[in-house]
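Colleague: Take these sequences, add in the hints, and give me the full structure.
Sequence lines, in order, name chains A, B, C and D.
So that you can map any letter, position 316 of the first sequence is 420 in this note's numbering, and since no number is skipped, the others follow by simple counting.
So that you can map any letter, position 302 of the second sequence is 406 in this note's numbering, and since no number is skipped, the others follow by simple counting.
So that you can map any letter, position 211 of the third sequence is 243 in this note's numbering, and since no number is skipped, the others follow by simple counting.
So that you can map any letter, position 120 of the fourth sequence is 152 in this note's numbering, and since no number is skipped, the others follow by simple counting.
Source of the hints: derived by calculation from the structure; they are not laboratory data.
Treat the hints with caution; some may be incorrect.
Said to hold, decoys possible - Derived list of chain D stretches under chain C, where covered just means 3 residues or more per stretch with a C-beta under 8 Å from a C-beta of chain C:
(1) 151-157
(2) 196-210
(3) 241-249
C-beta: ideal position from N, C-alpha, C; glycine also.
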Amino acid sequence: MLIRYNKAINNALREEMQKDSTVFIAGEDVGNAGGSFGITRGLIAEFGSARVIDTPISESAIVGMAVGASSTGLRPVIEIMFMDFIAVCFDQIINQAAKMRYMSGGQMALPLVIRTQGGAGLNAGPQHSQSLEALLFHIPGIKVVMPSNPYDAKGLLKTAIRDNNPVVFIENKALYGMKGEVPEEDYTIPFGKAKIVKEGIDVTIVAVGQMVNKALAAVETLENNGISAEIIDPRTITPLDTDTIKQSVKKTGRLIIVHEAVKIGGVGAEIAAMIQEDIFDYLDAPIQRVGAPFTPVPYSKPLENYYLPNENDIINAVKKICVGRQFSFASH
Amino acid sequence: MLIRYNKAINNALREEMQKDSTVFIAGEDVGNAGGSFGITRGLIAEFGSARVIDTPISESAIVGMAVGASSTGLRPVIEIMFMDFIAVCFDQIINQAAKMRYMSGGQMALPLVIRTQGGAGLNAGPQHSQSLEALLFHIPGIKVVMPSNPYDAKGLLKTAIRDNNPVVFIENKALYGMKGEVPEEDYTIPFGKAKIVKEGIDVTIVAVGQMVNKALAAVETLENNGISAEIIDPRTITPLDTDTIKQSVKKTGRLIIVHEAVKIGGVGAEIAAMIQEDIFDYLDAPIQRVGAPFTPVPYSKPLENYYLPNENDIINAVKKICVGRQFSFASH
Amino acid sequence: MKKIKLKKGEEGLSHIPNEELMSLYQTMVKIRGFEERVSSLFSDGLIPGFLHLYIGQEAVASGICENLSKEDYITSTHRGHGHCIAKGADVKKMMAELFGKETGYCKGKGGSMHVVDVEIGILGANGIVGAGMPIAVGAGITAKTNNKGQVVIPFFGEGATGIGYFHEAVNMASVLKLPIIFVCESNQYAEFTPRETHLPVKTIVERGGAYGIESFLVNGNDVVEVYQTMKPIINRVRNGEGPFLVECVTNRWSGHFEGDPQRYRPEGEIDEWKKNDPIKNFRSILTSEYHIQESSLVSIEEAVKLELDEAEKFSRESPFPNELSTLEDVYA
Amino acid sequence: MKKIKLKKGEEGLSHIPNEELMSLYQTMVKIRGFEERVSSLFSDGLIPGFLHLYIGQEAVASGICENLSKEDYITSTHRGHGHCIAKGADVKKMMAELFGKETGYCKGKGGSMHVVDVEIGILGANGIVGAGMPIAVGAGITAKTNNKGQVVIPFFGEGATGIGYFHEAVNMASVLKLPIIFVCESNQYAEFTPRETHLPVKTIVERGGAYGIESFLVNGNDVVEVYQTMKPIINRVRNGEGPFLVECVTNRWSGHFEGDPQRYRPEGEIDEWKKNDPIKNFRSILTSEYHIQESSLVSIEEAVKLELDEAEKFSRESPFPNELSTLEDVYA
Ligand SMILES: Cc1ncc(C[n+]2csc(CCOP(=O)(O)OP(=O)(O)O)c2C)c(N)n1
Ligand SMILES: Cc1ncc(C[n+]2csc(CCOP(=O)(O)OP(=O)(O)O)c2C)c(N)n1
Ligand SMILES: [Mg+2]
Ligand SMILES: [Mg+2]
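Modeller: What follows is the structure, given as structure tokens:
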């Protein structure tokens, strides 16, 4: 069926709650109001207020609740309304949830999911538009998921809920309205398995989250310029499917990484560093990264437009390493 | 004079407080107790409790206090006892301090310093040993300083206190006892100027914080193997002196980045990504990174030893890209 | 309307000079007018992002800030327009900021949630619930250091008392005896969630005891009561007492943000509150009890309308910032 | 010794069965013995890192946990040995953990600040002040869901009431009516800082009003009072009431951590507290008022000594973990 990204998430929550009575939801406005973005709509009516818990504005206690509940047998799926707010509960994420299993010598399992949404494009300003996945990516002990479409959103969320580890599930606010085909029947998508969104031979584009769609939008222009791009969506950044990326780069010899987050210190840095470290001799050109400039996300429309990486930035990055170098136009 | 790292910091604080009456200190146990690590010893006696403020255990309010005081004319230098605790006040650091100037369209200046200490090696366990500089490095609007010796510690802290931006000043607990020559007279060290700790021609080693000393410890073994390493200490990671690093790599053709932090998503990833992006054709071998494994910092001695990058890891990384490749032993 | 027993502040201020009455009225009308104006501009698509209106709560900011000068400091919230106008902000620059124009307070970088005017002590609206409170603690340190009788007022909603920031800030202010009056505006909702759902106490003043500070409950729809209660409290703070906690009971008429249809509100609730319109009430008292001429009020209303017309014109005609300005104002 | 008026809990429990008295005594002696033992092993260099001892506070953990079963949950702090032993932890595994041995509770990964025993409801000591409290909220959700009368007890110090965690957790527990008893151990210091310096209230029970919950002040040096006060409160929680707040006034004799010379303590203060030794006092009451035979107490003491001898032997003889185990237990 053709449904939107937000609905796909709602369906995943509903189905998992139906299947497993230990799954519960907590967060601000998630109950009677159905969530600030409507993601938990209808769930309190079906599952009651013991399983869909409206909390005070207390992100630290919300994540802490998830840590305590998950380590004692439940499967909390909590909502942090904007990804920017992970900063107010960061200790519970990185020092508690992420480390509890390790610190306890493997005694604890923490099957908890932190749903949140990030990304710019809605003029929500510097504290409501960030893409902070790199901060989580650097922390051992959590998994980090970034679905780029409704199908992935549903399948990955189900996997997240069934996973026995803390998972941060990062939705993108600009994608909530995106429509896509989603099967009626139950399915899951394994973590750590990238999706080759489009095959190609000249250059590999690894794009995360919302940027997958921007990369796809660039394809036609690239093809018109005789460049066949392979687009890879890692879907989960922890665990990261390095094999699929490497395989692709071995074929294309060129790599571009695209994310909406600030370029400096972003996930793209790791992918670039890792690829050149592991398959240096396959590289025909320097790996390029496309990301946001080293500034907060500005509010004003023209500024935010300038800030957000777009298909032109991707095309330019491709041109930079495909044109004028060893790249052979003749092969097309 | 020959003084220790901790004393150098204490001296910098004292001298800046003497010079500028708007400088004040706040934090847990910083007053009467002189600090958990003794860094603020004697200051309350000299400057009184209005300028050396003992606070409740409230890191968020401590950093918030710095934001509010700095934007209204004072120069707070606050202490977060362990770097791991930046997680409990992360919002004030990344969403408030770092963004206030930008969000206000440049109206505000925030001359505040957050002193903290990180690093492993003292069996302090998973929540008291982390090196989390990469989390700050990804955030525009703050500066990040990592002194590796007493001279730098003093000079950089003075620069930090005089800077009009939020600065996170990361001391390393394993270095507090390190002795070094420090001039009697006032001096500062500019931000964004790397120090070439040792010149060399075969491979560039960029090491941050405590790892500078590990890199130095590896020099002899490397020389015995006929490898002349150039060691660079960036001193500040934001701003990062990319020029000095590039110049060195252009000369050596090889780069190794060493940090104590987890390798994945660490600062080394950015340096590697940036270098291959900007001076790809100068590279004779893949850039190597030496960092901690993707785990929390374990408590037990043998585990922590295994965890912490050491000189052998550096030597191995060097060998990996210097031996057997184009590297010519004859040149030595 | 929920009945809450209101305890009057200190007595003995029966006389209010005419200029102050007129000034109070002017502020309230200006806030209401500004909010109605930007609401319609939002509908027209001229203002993007999130817009949290202050309609219904005008008596609070007006009654409080009438007692302040530009030397005093306030911190504000996501719902900050009223506080800023009452503290003396220029509506032209405010509105232009909401448009995202170059001439706005923040050059378009902040938007509605980040209005700042350092010159007149507005230390920022804030997109993170509660984050202004510890910042106010810092301004309190400055005020105490300056020793000129400055007062600091952090505004926040009853929802914000759930977050750790509230606790840490009030506690710290009490320990350090800072010249701060914490002003809670209880408008009965935190986003879409009524106070009964997220608060375990009937009033916020009950929370003052936890910090050993005096607390005051005020009818936040009665500007005279707000003004008269605050005056002696503010004077006490100017004379070295503090901190204090004040709860102003009020209500918001508009949605949490523009576009919120308020489905979560019981039938008729808003209408009840509208019957208790702080502006209408005050207007009729002004003419009936204080014998102010109707014509004086009309001229205030007309002047405000003119000012807002100009602000709108200014905002419409101002240029958008150059996209390259995205990169400016990150560091001082 | 500061005089604090202690308000007795509920009455009517004059009779305590002999086995319980003996068990209380045994627990206290075991805690004291454990702490003295690890203190000397620390001096001998056999235990590294930070060691926060519980000597002087034994009556609190013992008196409380005597009322608990292994189905109940506790969260603990950096000063956690006493809580864990009272809750039934195996001193062999505890001590081995402090040694960093493979046979320790956490396989050497956690150390003193991270002892966990999931099987008996010990959800972890914690190195982050206050962080256990929101985790207890989560356990409270589980307990409420299970509906089997389980009780959750987060332990924390008076210093921890300064951090936002305390506030968010108690507030959330109150809103959600969770079966939690927040137990504050007021030992008069937060690290090196006396309570007067960082607390604006005389007692922590004064803070209960902020959450609309009942609070109890207990002499934490009187194990009978602790036990008898807690019994009815715990029963009320098992029957669906809660949360509650309990403050136990006590003192620590040893430094904040091992190696702390306690220079910040007034001359003679510790000696005063030592005159009020909870164990000696209880011992003399046991023989004089409860007519327990001296010989029974001696045999408890001997048995404890033997158990600790064995624990020490076990810890000494246990192997260190293989260094490669550093990489294990990050994910489930
Ligand atoms: C830390 C944080 N959590 C959640 C939000 C989302 N949010 C914005 S306003 C709001 C409700 C605030 O309620 P209240 O403090 O009563 O202020 P009001 O909106 O009623 O003026 C919430 C939850 C936020 N901005 N920051
Ligand atoms: C968030 C955080 N801040 C600071 C510290 C450092 N620290 C460890 S114990 C402690 C004092 C705790 O005092 P209290 O809660 O009274 O417990 P006590 O040590 O007296 O048992 C501090 C400040 C920490 N571990 N975590
Ligand atoms: Mg409200
Ligand atoms: Mg204490």
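Colleague: Does each hint fit the structure? Answer for all of them.
Modeller: Against the structure, the hints come out as follows:
1. 151-157: Result for this restraint: violated, n = 0.
2. 196-210: holds (count 9)
3. 241-249: holds (count 5)
Checked against the numbered hints above, the structure breaks only hint 1 and satisfies the rest.
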